[in-house]
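Peer 1: Listed here are the chains, written in short residue letters.
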Amino acid sequence: MKIAITSTGQTLDSLVDERFGRAAYFSIVDTETMDFSVIENENVAAAGGAGISSARAVIDTGAEAVLTGNCGPNAERALSAAGVKLYTGVTGTVSEALELFRNGKLTEADGPNVQSHFGTGN
Amino acid sequence: MKIAIASGKGGTGKTTIAVNLAASYARMGRRVQYLDCDVEEPNGHIFLKPKIDLSQIVTVDVPQVDLKKCTGCGKCSEICQYSAIVHLKENNVLTFEQLCHSCGGCLRVCPADAIKQKPLNIGDIEFGKTGEIDFIGGKLYIGYVRTVSLIKEVKRHIRQDSLAIIDVPPGTSCPVVEAVKGVDFVLLVTEPTPFGLNDLKIAVGLVREMNLPFAVIINRYGIGDDEVEKYCKTENIEIALKLPDDRRIAEAYSVGKMIVDVLPEYKKDFSGLYESVSQRLKG
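Chains as they are written, first to last, in the numbering used here: chain V, 1 to 122; chain Z, 1001 to 1283.
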């Protein structure tokens, strides 16, 4: 299955970006083939609705799960409406997060873990 | 006549000036309306203590999608700049009503006529009386962003036969523009500090851009420095009132009391304030 990991850079050694909506990049990994690609997040500086637009971008990649630090209510609602599984509280590098996921060490989130605008940074 | 009480910086004393001006004018036996347009954090009612006779819900139009008609083209999602309507795979469309700005774009671009409008409650307007003052207060619901729509609705209740005192939100953004739009005079309340001056300059830029006559009120006069006064002099801006940094004013404020009720020596400052504004408008 394809999964999306929010990341601060474009390699497997990049750190997981703790923000979902305003993450710098989405690392897309196919857990069977280990195909790896990166998409830049256009919503980093969006005026509003960043989480929703980012959810849409991730859904469009065909990812079935999202690994991130924090996810707000609007993004969570969009992801869950599209049947995308959400894992929050993920830290470390992209490859470490990937290993934890592959070994079944991550627990699926039962909802958003932060409020709207949590990652706006101002 | 419509007088807006605005400020760049928050917490400089807009509401203090607005309620005391309203009260002192009403006590001269004139008709006064106090309109609380600081709808995100209204607090005029704390001092005026109006008896509320009527509360009205304000609504805006938001989209409602008929998924049976939706073809999944995604055009609604593309046109919405606020992500208030999002198309996810096939014909799964989600709406985030509280983010909608009611532009109607999604309705127009939908080729399947699958989107209709429905009302969304965004806040309340309360109507009441406090002595001879007509109180009209807007209150935006928490989590909603339609500040401007609610302010516009509050201002619809301005009467021509009254003096309308408009309590404006702080800052210089869209809600402030909406609140001061069309008034006869703006009083910009500031404090004599570098922060007060910085934000005052931005507010002066705004009222000048909108061609609104204005004057400055320096609250807590005596603290900080004299840079605000120097600035006003250089820019040829009238200082309509200097309210001193008096501990008793702060004490009255902290228990929800008006200056004109507990400190009679300031009464003439507020009655004089109205006189000077009306003189300026005549002259």
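Keep in mind that a hint or two might mislead.
With a Cα cut of at most 20 Å, we get these calculated EDC-like pairs of lysine to aspartate or glutamate [what the hints assert, rightly or not]:
hint, chain 1, residue 1, chain 2, residue 2
1, Z, LYS1089, V, GLU96
2, V, LYS2, Z, ASP1184
3, V, LYS85, Z, GLU1090
4, Z, LYS1152, Z, GLU1132
5, Z, LYS1282, Z, ASP1184
6, Z, LYS1075, V, GLU64
7, Z, LYS1089, V, ASP13
Hints in this document: simulated from the structure, not taken from any laboratory.
Peer 1: Each of the hints needs a verdict: does it hold here or not?
Peer 2: Results of checking the hints against the structure:
no.	hint	result
1	Z:LYS1089 with V:GLU96	violated, 30 Å
2	V:LYS2 with Z:ASP1184	violated, 61 Å
3	V:LYS85 with Z:GLU1090	holds, 19 Å
4	Z:LYS1152 with Z:GLU1132	violated, 24 Å
5	Z:LYS1282 with Z:ASP1184	holds, 11 Å
6	Z:LYS1075 with V:GLU64	violated, 24 Å
7	Z:LYS1089 with V:ASP13	violated, 31 Å
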